[in-house]
Amino acid sequence: MAPPPAEPRRRRPPALSGLSRHALLLPTLIITALCFLIPLGLIAVYSFGTVNQVNFDVYFGWTTQNYRDFTSSLYLHTLARSVFLSVSTTLSCALLGFIFAYYISRQGPRAQRLLLVAVIVPFWTSFIVRTYAWVDLLQNFGPLDRFARALGLGGHIDLLYTPYSIGIGILYSYLPLMILPIYVSLERIDPALYDAAADLGATPFRQFRRVVLPHAVPGLIAGIIIVGVPALGEYVIPEILGGGKTLMAGNLLADQFLQTGNYPFGSALAVTVMVVLMAMLFLLRRAQPEAELQ
Amino acid sequence: MTDTDRLIDPLTRSELLKRAGAGALGLSSASLLAAACGSGSSGSSSAASDVIAGQAILANYPGWMGKNNLADFHKKYPQASIKMISNATSSTAEVVLQFKSRQYDFLLSDTSDSGQAADAGLITQIDWSKVPNVANISEKFRKAYPWGLPTDYGKVGIAYRPDLIGNATITSWHDLWELIPKYPGQTIFIDLERDCMGSTCKYLGFSSNTTDPGELQKVQDAIVSVKPHLAAFKNTDVGAGLLTGANSMVMDWDYDVALLQQKNDKIKWVLPDEGVHAYLEGFTAVKNTSKIAVIEAFLNFLATPPQYADFVNTTGTAYMMPKATPLVEKTISQNPILVPTDAVLAKTEFDKYLGGAGATLWSNTWTAIKAA
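As you go down the protein sequences, you meet chains A and B in turn.
Taking the numbering used here, the leading residue of the first sequence gets 52, the next gets one more, and so forth.
Taking the numbering used here, the leading residue of the second sequence gets 79, the next gets one more, and so forth.
Next comes chain A alone, as it looks inside the complex (with noise of 0.2 Å):
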């Protein structure tokens, strides 16, 4: 009797020394370090410097007037403002992508792949585009407000130019980022869980929520970050949605730099927004670890 093949040995990759992985390591530091740490940096100096607002020269007096100046109530009910509306349509987000999304997993392979490109033909079209066409949509003797009047609501809906329109081109905007997330944890869900959840005698109800929550809470909470990030920061859609009237923080920054040319005090307000976005998204980490173990 032969002797069975001998197994071909695994011819294992030369092993790198330290230099070369580091090398490896080389392109990917310097675009971090270029597009993002440097002028990460020099965002957060220019927050201290001061601007002649004749000719809009920047000067590095070292000062925090910048922030104090921020303090003032002016600043901080924008701020807040732009934190409960990003907050009010990431949550709205998460809901309404929640439903889609579970019911786009338990539909049939073909079902699915047609209901996720429909979610994602809206990309196709420019996001401006888009949000225009909610000005159409939502204006005075618009089709909504035709269509509310048809059905006797009576008077006008004048949606547009208000915090809602923004949170309606909010919704709009994010949604299918926020699908896509959840859609991808519940499809991951074996089917047999539900049985064995009904052998067990778990309701419907109880099935949701001992197996398909605790399943899609990775995809929400990266829905969420992925939504409310940008959400917080949107400038956009308020300036075409809010008529120059709601300015949210990403308004107000933007105009530093833009209209006022107070690059320091729009620096110290970049840098306030990043520090609650990283305060957000903190307390967001720390909860994902204890869903997921669940």
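Think about it this way: if two alpha-carbon atoms lie no more than 25 Å apart in a straight line, the pair counts; the simulated DMTMM-like pairs of lysine to aspartate or glutamate are:
| no. | chain 1 | residue 1 | chain 2 | residue 2 |
| --- | --- | --- | --- | --- |
| 1 | B | K178 | A | D108 |
| 2 | B | K296 | A | D120 |
| 3 | B | K305 | A | D120 |
| 4 | B | K344 | A | D209 |
| 5 | B | K430 | A | D108 |
| 6 | B | K344 | A | D187 |
| 7 | A | K296 | B | E256 |
| 8 | B | K260 | A | D209 |
By construction, these hints were calculated from the structure, which means they are not laboratory data.
None of the values given here were measured: they were computed from a predicted structure.
Knowing the structure of chain A, use the given hints to seat chain B on it.
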């Protein structure tokens, strides 16, 4: 009294306009024909066309150029062209930052913008010997706008639809402020620091060039008090909502209302009793631009009556070149909104550059208004 001061002096201004009107009526057909052919002073530029080359970049208000101005210029100077970048700016600082950005060769800017840019050393003075057609622009406007070629001016008043506000009559800024809360979400204010705050200065009985911090605080309070009831602040298509009925009252520019009235005769224009704020603007070259020859050739070209008339007919603005009157559409040249009487001019106050401290105060007040 400086020349700039003379421009904003009502008597001097009315005298100027009377003379301008008389000059327009006295134009000979020969000079008109010559102007229509683009000759006259610009004729000398044909020899220079060989050396005028390159593309100058202009930052301009959207649509603020004659339909054929740029194409005609390129025809006359095949090696030169103007690339226009539309930019609806809303503050003096924004325009001055554009002067500083090195992205443009020349800009549309008003007296406040150009005054501050000049103060900051950010402009190139035009060599007027290369722009002889500037003589076609009324002298007082040239002197009031010494940084470049003055192109247009306009007043900020009120446009409204009586049929949408219970046939109420508006005659003053005070009436507007009274009506805004009664018709919430129906009023648009101009999203431009000088025009919006300047008009509010008039409402409160202040100069629209005030630099008094106390007065500006009252201006801020007055705008913030009605802000919750406003539909929006806009700097383009300001009065468009009057056509559809989406808005019933608008703080608006005269030229915009003149155009809107051609589409809807229910729109009324009001020069408020308390007075109006007005702007004067033109094209100014950026410091160290390498395209100064192209810019000067273009300004000289634009200052010929046919080209200037194209600019006026397209934009619908009040104009400052009497020689262009026969070529300007009658809806503009005979429009009482755009051709102000002595009485109107008597209550019109033009923009002035407020100096560094004044500009900063206005800028900070505007930021506070928008953030409130």
